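So the sequences go chain by chain: A and B. The numbers in the working numbering rise by one with no breaks, and the one at position 119 of the first sequence is 207. The numbers in the working numbering rise by one with no breaks, and the one at position 185 of the second sequence is 187.
Just so you know, these hints were derived from the structure itself, not from any lab. Any given hint could be a false lead.
[Said to hold, decoys possible] Capping the alpha-carbon separation at 20 Å, the derived lysine to any residue pairs in SDA-like fashion look like this:
1) Lys352(A) x Lys329(B)
2) Lys104(B) x Phe268(A)
3) Lys329(B) x Asn290(B)
[Said to hold, decoys possible] Which chain B residues stay away from chain A? Per the calculated CB distances, all over 10 Å, these:
4) Gln85
5) Arg106
6) Leu160
7) His196
8) Lys255
9) Thr259
10) Ala301
Just so it is clear, the structure is predicted and the values come from calculations on it, not from any experiment. For each residue, glycine too, the CB sits at the ideal point set by N, CA and C.
Each chain, written out:
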Amino acid sequence: MEKEKDTWSYVNIWYLLIPLIFIALFFVFPLFKMVYMSFFQFTGVNQPLGSFTLENYTRFLSNADYWVILGKTLGLSFLSGILCTVLGYPVAYHLSRMQGRTKSLFTVLVLLPLWVPITVRLFGLMTLIERGTYFAVEAGLVYCGLPYMIIVLMGPIGNIDRSVEEASYVCGAGFWSTFFRVTLPLTRKGLISGFMLVFALNTAAFVVPVMLGAGKIITMTTLLYQQATYIYDWGFASAISMIFLVITMLLTNSGDYFENLMQKRRDRKGV
Amino acid sequence: MEYQLELINVAKVYKDFLAVDDVNLQIKKGEIVSFLGASGCGKTTTLRMIAGLIHPTRGTIRIQGEDMVQVPPYKRDISMVFQNYALFPHLTVYENIVYGLKTRKIRDKKVLKEKAEEIMKIVQLSGVENRYPKQLSGGQQQRVSLARAMVVKPKLMLFDEPLSNLDAKLRESTRVEIRNLLKTMGVTAIYVTHDQEEALTISDRIAVMNQGKIEQITEPACLYQKPATSFIAGFVGHANFIDGVVQSVLKDKIRITTASGKQVFVKKDAERSLSPGAQVSCIIRPENIQLCEKEQEGADNIFPGKIKARIYLGSTIRYIVDCAEGKDFEVDLHTRDSGHCVEGDTVFLAFQEENLVLVDR
Chain A
89 MEKEKDTWSY VNIWYLLIPL IFIALFFVFP LFKMVYMSFF QFTGVNQPLG SFTLENYTRF
149 LSNADYWVIL GKTLGLSFLS GILCTVLGYP VAYHLSRMQG RTKSLFTVLV LLPLWVPITV
209 RLFGLMTLIE RGTYFAVEAG LVYCGLPYMI IVLMGPIGNI DRSVEEASYV CGAGFWSTFF
269 RVTLPLTRKG LISGFMLVFA LNTAAFVVPV MLGAGKIITM TTLLYQQATY IYDWGFASAI
329 SMIFLVITML LTNSGDYFEN LMQKRRDRKG V
Chain B
3 MEYQLELINV AKVYKDFLAV DDVNLQIKKG EIVSFLGASG CGKTTTLRMI AGLIHPTRGT
63 IRIQGEDMVQ VPPYKRDISM VFQNYALFPH LTVYENIVYG LKTRKIRDKK VLKEKAEEIM
123 KIVQLSGVEN RYPKQLSGGQ QQRVSLARAM VVKPKLMLFD EPLSNLDAKL RESTRVEIRN
183 LLKTMGVTAI YVTHDQEEAL TISDRIAVMN QGKIEQITEP ACLYQKPATS FIAGFVGHAN
243 FIDGVVQSVL KDKIRITTAS GKQVFVKKDA ERSLSPGAQV SCIIRPENIQ LCEKEQEGAD
303 NIFPGKIKAR IYLGSTIRYI VDCAEGKDFE VDLHTRDSGH CVEGDTVFLA FQEENLVLVD
363 R
């Protein structure tokens, strides 16, 4: 603390007040309200019925159908994370190696889809593939996740000293050998964060399963939407949200956990 | 005779810029050759073409008689020490060193360990094999990159200014070590540097490069004493230039008249046939000029001048003398016999004919 006083800084602690109020009002408060609601039952009106109950949670957890939906959602997102990595890596690799104007041009091209509203983009995709299949939903998820993956990967790949790869070639390693021994390990952190970002975005994707799933593919988000807006079972919807939230939080943080574990292993080895 | 490395008319053209201009070079087995030159002279480009990291626009590169132009770098059986060391940051020192052995399909852990330990002993790295590159000092990192390159016993070792990131003292000791190491292991090496002292210490032969061309390739002593061109004379060590017109050609010397009308006698050069009226340049090294306080009657090659500056350099003292010849002369005297001349004194510079070397302009 003493140290902080010594260094002069523009950043005044009070500047944080406005964002903090904003977050508390529009994020923390609704979240707690949702936690509260998940422990009561509703019958179509915005008024809790009866007393504190775990009924909403047991209803979800004891029904295999809901588990299947959860599994599908996570599976689709996971697969999309993998596909985005595989598809995004070569693009990011070449983009980060480009120079000057070419690089700016191609970076803009990668980001261009994000400027168009997602519904418009998906209408485009709908003209190409048949709706209501897992393939369609997966394609939509990959389509939406890819630009993020590329942007996240560009940094770490661009940070690799090119002479390190050259050293590998001169040491007798071919392109693929160099890629798996040098390039890939050096971008591991970027890979994990890119994967986690795409995974998290995809689990929360709503428009994609609605538009491309065409009601035939139910994911957690569409299930939630049904419960909240058609059935008005807000208690159950809140419980589903909580379960889903906890699981995705655990999964996305497992990336960091995994990374830390590997770092520790390296450090132990490195004395 | 088969050369370890042969470059035949190797050139590299970037759009409208000629980076390397028809370089020809033969290197014998076990020889250390330096490419010396200022930045942008094409020395690194040439090295990278030999490594296979850049494709030559035209020409032939042969390693042990085998054409290498179409061969990728990883199949050339060479190794390279990079300017920034280019160690693999995610691998330990040991893993860095055995990297080249592993890619050469040596899988036996015992063999790997033996070879790594042997080379680490030689470059004095024992004890740090489990550290990561960023945990090492610059000098240690340099040794790791040296060990990594050497452990594979390559046909050819390439050095790309490997010492430029070390401090001056370490640089001086390391270059001697590198030379000894290369000589004991009998490795053929090419050493790129812009540091003339480094090139003089480390190499058997030095190729001075300028604007993409090799201007001269010869032994270090010869390069210093008999530079072929005025560029080399100015680049390697210090040189005083005397420009003039050939007045007359005598039996074993040439008489030159300088721009200011002074007469200079220069020893004849067997390789140059000069006729009266030709424009010539000759150089003399600062330590070969005698500085006299009094005029010597009847002697040739004496330039009177005024001391403009006296620079104390430790073991020598450098005088900057204005002889009204355009450029000032630099004269180096040993500190112990530097005399009492001070700035503003009038002195006489005496040049011995055999110390004046004719150079191409």
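Checklist entry - What are the numbers of the hints that this structure violates, sorted from low to high? => result Going through the list in order, the structure violates hints 1, 4, 5, 6 and respects the others.
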